[in-house]
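Novice: Full structure from sequences and hints, please.
These are the residues of each chain, in order.
2 protein chains.
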Amino acid sequence: MRATVLHAPYEVRVEDRPKAALQQPTDAVIRTVATCVCGSDLWDYRGVNEVAGPMPGGHEYVGLVEEVGSEVTSVKPGQLVVGSFFASDNTCPNCENGYQTNCLHREFVGGCQAEYVRVPLADGTLVHVPGEVAEEHIPSLLACSDVMGTGWYAAVAAQVGPGDTVAVVGDGAVGLCAVIAAKELGATRIIAMSRHTPRQNLAREFGATDVVTKRGDEGAARIKELTGGIGADAVLECVGNPESMQQALHSTRPGGNVGFVGVPHGVQIDGEELFFSHVALRGGPAPVRAFLPDLVERVLTGRINPGKVFDLELPLDQAAEGYRAMDERRAIKTLLRP
Amino acid sequence: MRATVLHAPYEVRVEDRPKAALQQPTDAVIRTVATCVCGSDLWDYRGVNEVAGPMPGGHEYVGLVEEVGSEVTSVKPGQLVVGSFFASDNTCPNCENGYQTNCLHREFVGGCQAEYVRVPLADGTLVHVPGEVAEEHIPSLLACSDVMGTGWYAAVAAQVGPGDTVAVVGDGAVGLCAVIAAKELGATRIIAMSRHTPRQNLAREFGATDVVTKRGDEGAARIKELTGGIGADAVLECVGNPESMQQALHSTRPGGNVGFVGVPHGVQIDGEELFFSHVALRGGPAPVRAFLPDLVERVLTGRINPGKVFDLELPLDQAAEGYRAMDERRAIKTLLRP
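Top line first, the protein sequences correspond to chains A and B.
For the first sequence, the numbering used here gives the first residue as 1, with consecutive numbering after it.
For the second sequence, the numbering used here gives the first residue as 1, with consecutive numbering after it.
Any given hint could be a false lead.
No distinction is drawn between identical chains; accordingly, a pair holds when it is met within one copy or between any pair of copies.
Derived DMTMM-like pairs: lysine to aspartate or glutamate, alpha-carbon spacing no greater than 25 Å straight-line [unchecked claim]: (1) LYS224 / GLU107; (2) LYS224 / GLU96; (3) LYS214 / GLU273; (4) LYS224 / ASP89; (5) LYS19 / GLU66; (6) LYS76 / GLU184; (7) LYS308 / GLU184; (8) LYS76 / GLU136; (9) LYS224 / GLU50; (10) LYS224 / GLU272; (11) LYS183 / ASP210; (12) LYS308 / GLU328; (13) LYS183 / ASP311; (14) LYS308 / GLU136.
FYI, nobody ran anything at the bench for these hints, they're computed from the structure.
Bear in mind the structure is a predicted one, so any value in this text is a computation, not a measurement.
Specialist: Take a look at the structure:
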């Protein structure tokens with residue numbers, strides 16, 4: 001099968017690899033309908049994370065079930081399914097608590113930029129998308145596999161509720177989806193922090209009421225100005241570097257919440273400063289599986305359209321250009337068609 | 001009036017100072033019925049915090065209103081009152097949000113180990129204790145002024161609710177009061193981390209169901225053993241050093257909460273580790289004022305008896321011995337009678 005492999009920083013190739021196959025009776029293999037490049041793939045692509053050897057890329061997928069193991073009961077061949085980037089049994093105590101990305105049996109679903117994908121723990125991981133699914137919904141269903149689920153978790157972790165003022169740090173696909181989540185959860189004021197016009201426009205389309213172009217402590221000061229000197233009720237940190245975390249913490253009101261979903265790189269939080277701020281902090285790899293049934297329904301009923309974050313669509317064979325476009329910020333997010 | 005003054009590390013004297021007096025029309029002056037020494041006073045006493053000059057001590061008080069400024073309407077001379085260590089207007093946005101210790105007009109109420117105390121913003125700060133108050137309730141009312149309110153906030157910040165398993169790090173007065181709070185908020189399993197028999201006994205009397213004597217990662221491992229390998233739903237960090245914070249974070253289940261009320265000294269939190277733990281963190285100086293009316297009622301109806309943390313009572317003039325006894329861990333907490 002055709003699949004992407006990262007060989008060294010900035011060197012993505014599409015190659016022939018062995019076709020994904022069942023390994024456990026709880027596995028499924030799906031034929032990929034659509035996959036994509038994630039902002040977090042760029043940490044590897046840019047060499048920020050070490051690339052130890054040839055590395056199959058991608059962890060987002062929507063596809064048709066091709067084959068299931070003997071113990072799989074919840075999905076069957078031919079069904080359209082979407083799943084999270086972490087396989088989970090969905091029955092262990094951590095899953096029951098809503099943290100499927102901390103499942104006691106979790107397994108990363110890698111190598112998804114490929115024609116076929118092996119999904120472990122299929123019963124706990126995959127969600128069947130019912131009915132005849134319109135082609136126009138495919139990008140949004142794909143977004144639910146990670147960025148929409150991650151933006152949703154940022155809002156849930158920051159306890160966004162009706163009437164809240166929410167600020168979003170980061171205008172990548174996750175940050176833009178976090179705007180959708182904040183709106184769906186009832187926020188009445190949503191401040192997108194972005195200095196890129198196309199992303200500002202999409203943020204507004206998704207529900208942002210204000211745009212702040214300043215960054216760092218200047219950005220935080222602007223958030224305070226917009227909120228009567230107090231700060232936002234909730235701030236969604238969707239980047240993951242020390243500056244963005246400081247910006248988030250300093251933009252939040254006493255008693256407010258930061259939900260952080262950008263994988264932290266070099267972030268240290270000063271205990272004393274956090275203490276006196278009264279700000280709460282929850283982050284982590286989003287338990288997308290917890291939100292998927294609800295998100296799929298919101299997509300199919302047309303309530304949300306997170307697929308709009310894909311502003312570049314390419315055949316899988318042109319994945320290298322898809323990575324480049326995102327690295328150079330020419331594209332927000334690249335959808336790949338096998 | 002007689003009052004304690006810290007002159008240098010380990011050098012507390014009781015001296016004559018000018019009697020507390022009204023400075024603003026919103027002030028009250030109270031005649032102290034009881035005051036005490038706080039665990040946080042020991043940071044100064046031991047020289048961990050620099051002692052720049054002679055420093056009046058104490059920030060906990062219950063007393064009779066002696067005099068009020070011309071704008072004070074909610075309390076009047078002769079009434080028994082209790083208040084927080086931070087004066088607050090109780091009307092600004094931060095107060096309305098329940099974070100009175102981040103009041104836009106907050107003012108620290110220091111020098112309370114004295115016969116009289118000036119309390120700024122009396123209307124927003126003081127809570128009248130109604131009726132004829134039995135002498136036996138005075139220590140518990142005094143505890144509400146800080147340690148009981150702080151233990152309560154630890155539990156609220158950690159979102160303790162019915163059926164939860166809660167671990168408490170720290171067996172000082174705040175940790176012991178946090179056990180009371182966890183029980184009152186419905187926790188069914190409360191694990192006190194303590195290696196001192198009298199404190200273990202008081203923790204059990206207050207509602208602890210288990211005691212763990214190990215510390216650090218060994219202590220955290222023991223909490224995991226006691227919770228099916230998962231960790232506690234909520235951990236209340238009542239110490240404030242790097243080891244206790246690590247112990248708290250490592251004792252919490254994915255998706256659980258740490259409430260931290262020990263003033264952090266040298267605590268740094270690694271963003272990446274916090275991220276992958278899925279643990280939420282909220283701390284800060286407890287907004288005691290938010291809880292005071294409820295806590296006073298629980299004391300007067302005999303539901304809670306946090307005054308038991310005072311295992312040493314001395315006349316104010318012997319305050320130096322009160323500090324020494326706590327420093328040497330001969331006493332949990334010292335009550336002083338002016």
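Novice: Next, verify each hint and record whether it holds.
Specialist: Right, here's what the structure says about each hint:
no., hint, verdict
1, LYS224 / GLU107, "between (41 Å within a copy, 22 Å between copies)"
2, LYS224 / GLU96, "between (38 Å within a copy, 17 Å between copies)"
3, LYS214 / GLU273, "within (23 Å within a copy, 29 Å between copies)"
4, LYS224 / ASP89, "between (43 Å within a copy, 21 Å between copies)"
5, LYS19 / GLU66, "within (12 Å within a copy, 85 Å between copies)"
6, LYS76 / GLU184, "neither (32 Å within a copy, 49 Å between copies)"
7, LYS308 / GLU184, "within (16 Å within a copy, 49 Å between copies)"
8, LYS76 / GLU136, "within (23 Å within a copy, 70 Å between copies)"
9, LYS224 / GLU50, "neither (38 Å within a copy, 33 Å between copies)"
10, LYS224 / GLU272, "within (21 Å within a copy, 27 Å between copies)"
11, LYS183 / ASP210, "within (13 Å within a copy, 44 Å between copies)"
12, LYS308 / GLU328, "within (19 Å within a copy, 64 Å between copies)"
13, LYS183 / ASP311, "within (22 Å within a copy, 53 Å between copies)"
14, LYS308 / GLU136, "within (10 Å within a copy, 67 Å between copies)"
The structure is inconsistent with the numbered hints 6, 9, although it conforms to all the rest.
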